[in-house]
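Asks: Chain residues, written in single-letter form:
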Amino acid sequence: MDLETPPPDLYGRPRADRMFARLTAFGDWYPEVLGRPGLRRSPRRAESRPVPPLHLVVTSHQVIAEDVVELRLADPSGGVLPEWQPGARVVLTLPSGLERHYSLCGDPADRHVYRVAVRRIADGGGGSVEIHDELHVGMRLQVRRPRNGFAFCGEPQVLFLAGGIGVTPLLPMARAAQHARIDWKLIHVGRTAAALPFTEELKALDPNRVEIRTDDVHGVPDAAELLSHAACNAAVYVCGPAPMLGAVQRALDASPAASLHFERFGAAPIVDGRPFAIRLGEDGGTVTVPADRSALDVARDARPDLAYSCKQGFCGTCVLKVASGTPEHRDRRLTEEQRAAGLMLPCVSRAAEGETLVLEV
Amino acid sequence: MPRTTPSRSLRPGRPASVHDNLVLEPRDVHFDWSQLPLHWIPDEPMATHTINVLHLLLPEGERWFVKVFKEALPLIRDEQLREEVLGFIGQEAIHAEAHQEVLDHLLAQGLDPRPYVRQISWLFRRVLGDRPALTARKRRENIIERVAFIAAIEHFTAFLGNWALNSPGLDRAKADPTMVDLLRWHGAEEVEHRSVAYDLMRHLDPGYLRRIRGMVISGPLLIHLWVRGARYMLAADPSLNGSLVPTWGEYHKAAKRGLLPEPARFVRSALRYFGPGYHPTNEGSSSQALAYLAKSPAARAAAAH
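Just so you know, the protein sequences line up as chains A and B, in that order. Numbering-wise (my numbering), the first sequence opens with residue 1 and increments by one. Numbering-wise (my numbering), the second sequence opens with residue 1 and increments by one.
Here chain B stands alone, though its shape is the one from the complex (with noise of 0.2 Å):
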């Protein structure tokens, strides 16, 4: 498939932001979160619930991912393109269940996070779930228009991923470096993956409405969700007694500290996605990312097994 992606020769000093045509494989992880306190960024409640919404959220959205890939796979006419589909899927399984247990964690800290969870499983699963009862065409086509959404997804998925992995925010709040390295782990795997889902895409249906319907179907019902989600960690939170209450104002200022994504950057990110040349290879570094891999303790403490 032809791919418009920039020079990539290593200069002196500057790495090359971009690998073509890496070979992805999931690599296992192994997370202890026995000690991790509920608000694992010291004294930032807001913040905290606010990257806690990952938690929420992805779990059921990157098993939904699974489900339309392997839905997808039959459609898929190049071995390349196959093959970095099937590392994805490989990838996507492992990041959900390492969700899965900081989910599990926070329930047994007291904060139930499952009348929220229980309405996401009904958006992935019934909302966006396959409908066998369609005809072939139109079966065909909703494979299609959900990859467009998950290459939508994908997006943010690695705007998010290049955020963890330049975030010394987090660090300098002390925030837990278990948590910091699972963001930063899964960030770096999104970062590594990005063009996957975008390629896919373009694979089965290269046309310009098919993208921007994506995005202007995912983009904002994700914000939505998100925003939902941490107003409910925030009011579920049993050691704040509801006395929080979200605002733009204190979202401001935790970016401000390097805490969270600052609001502009990611609106100017969503708009990139309009643009004709847009490629995903253009957003994040993979030298950065395969770097941190290399290094983060919960794949090298798998991977020594």
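Chain A on its own, in the form it takes in the complex (with noise of 0.2 Å):
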């Protein structure tokens, strides 16, 4: 755009449009002032500190179900735990470094305690089989502060849908209903009874309202036929695996429910990678991209005031501009001229094996 020629009158006018020149003048002038006293941030005021993270003592790992165990966490010195609301999860970092979100369970109301149950995933990235094996009480974890990515509204009537472990998050959602008096009903669907944690607990908030299907006895759940015991306009809370997840999506439109709520996990995994290299800048070293990371978390190790936001190749927050090197798109976001001129979004576009990009930052 031209930045040099101030915009023309508005209806036509032969003259250059007076608000906007007055616009502009002030647009030049202003900058120019700021720092001065009263129009800068005051040199006495200390800069902002980040807010720690937590470090807890586990205070109780017990198996609760087959293959489930059960964490409490405690503030070391018996303190208050920052508040948090049903749906919030937290970030464990283990002593091996690995670093796992899990869903609070617990009751919010008990300022004292955080509790977080983990399935075993025996072919998995190895946080849960640490969280199993060697974590004991006593041992001390570093925890990021909750988040809440899965917020309960307090429709007036709601079903939760809940898959194995993924009864996490809605247990006090489901506590929470009973307590705001609101019209509920939870199924939790899992292989066998006994990998069902949490169930005693779910009933004694009321029988009637909690419905337990397993594989074994039920067979396999049908997602139209779960959300046929919505109420009409009913809000759906759904958590558990992805094939779950995604029937639920489909069958909602010809179901009695009128939302859904899921969390959101950002980034998908990698599908068809193959590694490759990028160049931050011509005088950037080159790194590889390995074939399951995406191009943008390795540029963010070298630069990690990288602006990125959905990770899934929609909302384009992180493009940059390729220098050299032919890219591979996969995002749904970028035009055909856009991606002529080199555009690309690192977040899920990457390139074909050996080739190497050159980026501009």
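Be aware that one or more of the hints could be misleading.
Between beta-carbon pairs, the in silico distance windows are [unchecked claim]:
| no. | chain 1 | residue 1 | chain 2 | residue 2 | range |
| --- | --- | --- | --- | --- | --- |
| 1 | A | 19 | B | 241 | 19 to 27 Å |
| 2 | A | 205 | B | 166 | 27 to 35 Å |
| 3 | B | 177 | A | 140 | 53 to 61 Å |
If you are wondering where the hints come from, they were derived from the structure by calculation, not from laboratory data. In this text, a Cβ means the ideal position worked out from N, Cα and C, and glycines have one as well.
With the hints as a guide, bring the two chains together.
Replies: In structure tokens:
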């Protein structure tokens, strides 16, 4: 865009627009006077400090269902923990350095304990196995403060659909719903009754509102059938394995329910990734992007201030210009013209094996 | 960062209006504008075009938010705030594109918004753009100052979002459902992320003067641009031939019918921003916003992909 010629009059009259002439003069003058007393951050004020993470101690570590361990974490000196609301999760930093997200499944009114439940995933990244086999009472963990990506909105009619360990964020919601006298129902599906945690605790809230369905007794659940238990215009809260979420999303339109809440986890795993290389700037060092990481994540190791947002190739925030090399576009945001102009979204887009992309940063 | 949020426990029969520490993430959306009539509130050209000014201001305005917030990223010293800002940036980028689609549709229907949009582009890119020639200290101040402008504008977007979520008048007038969904989806995300710009400003400069300057400069400018935009749209509408000149009297009548926000409420809301205990969490309800986002047809259409 031309940033030298001020815009013409709005109605085509043959003169410059007066209001915009004044605005332009203001815009040229104002940044120059910033920094004077009264027009700057007071130099007497200390810089804002980051909020530190929590350091908590494991007060209980017990098996509560097949392959499920419950952890209780508390402040070592018995202090009050930060508040949270149903649906919140914390990030635990394990002794090995691995970081894992877990939903809080205790009672938000208990301000002294955080409770999480962890299912053992033998072929996963090793975090759950470490929690099962190596954590014990008395160990200290660094814990990031609770954040909520699955807030409970308290609609008048609610159906909770839990798949296996996915019951953890829904348990505090069911408790809140019961307390708020909301018309709720929870269906918990899983392989066998022995593998499902918290059955007793849920039934203690209201046995008539909780239904347990196991594959060995009731067969594999069908999303449309599960949703048919929703009251008319009910809100559905679902948490479970990805195929279950996908099936419920597809079946929602034909169901009596009006809305669907689920927790979003950002980037999907990379499919068909091949290793390639990127260089940040012509004179930057060349780094390899492994098959299972995105170019964005690799670039952020070197440049932590690079902006990004959706990590799924639709918001366009992380856009970078390719100075040389041929990218393999995998986003759904950039137009053909933008791609032709050399733009790419490094959160999803990659390159052929062995290719080196030089990115302008 | 300390947040002055009110008590937020879930009481019987009352959902929490404030959700602490929300994880913000952009949502993809899909709107189909092929059926949108020029006057999407039937027989209400004045209300239609007054709301249409949004589509003229927001694409450029929200792209500018994204630019300023990207410039502010290196100044942030708190990890959670940083993540909230990144989520905010993605949401604003999606908003800008959604409104851009409507703008393109208006042009296809013979209403040329380009002269007005040209001026708005100039405002955001030249008048309020980055100035690399400044000294490092002034440049930093200029970033914080523009964050303060955005915090004040976000107060209004949360106000308007809250209005859109509680505007049965639009349904009564049989307004186009896709456009109503755009307004409510966008409004709901504005309510959802209403604290981010304010918290960022307070993180970079907690001073009262900074906050007040943001409102004193951007509030009147926003209102002026809105009035100017509504006049322009009514003059440029090919089906009206310039027969309809907007007046405050007409505006009040449309507001009475629930088609536009009431000016008195708008002014009262702006004045709250000057209160020493102000925090954006007191404007609008997160529960209501998130409940709408869970049912918005445009968000569901894209989520099912």
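Asks: Check the following: the C-beta atoms of residue 177/B and residue 140/A are separated by a distance inside 53 to 61 Å.
Replies: holds (54 Å)
Asks: Is the hinted range of 19 to 27 Å satisfied by the C-beta distance from residue 19/A to residue 241/B?
Replies: Holds, since residue 19/A and residue 241/B (Cβ atoms, about 26 Å apart) stay within the stated range.
Asks: Does the beta carbon distance between residue 205/A and residue 166/B stay inside 27 to 35 Å, or does it fall outside?
Replies: Since the Cβ atoms of residue 205/A and residue 166/B sit about 32 Å apart, the hinted range of 27 to 35 Å holds.
Comparing the model with each earlier hint shows no violations; every hint is respected.
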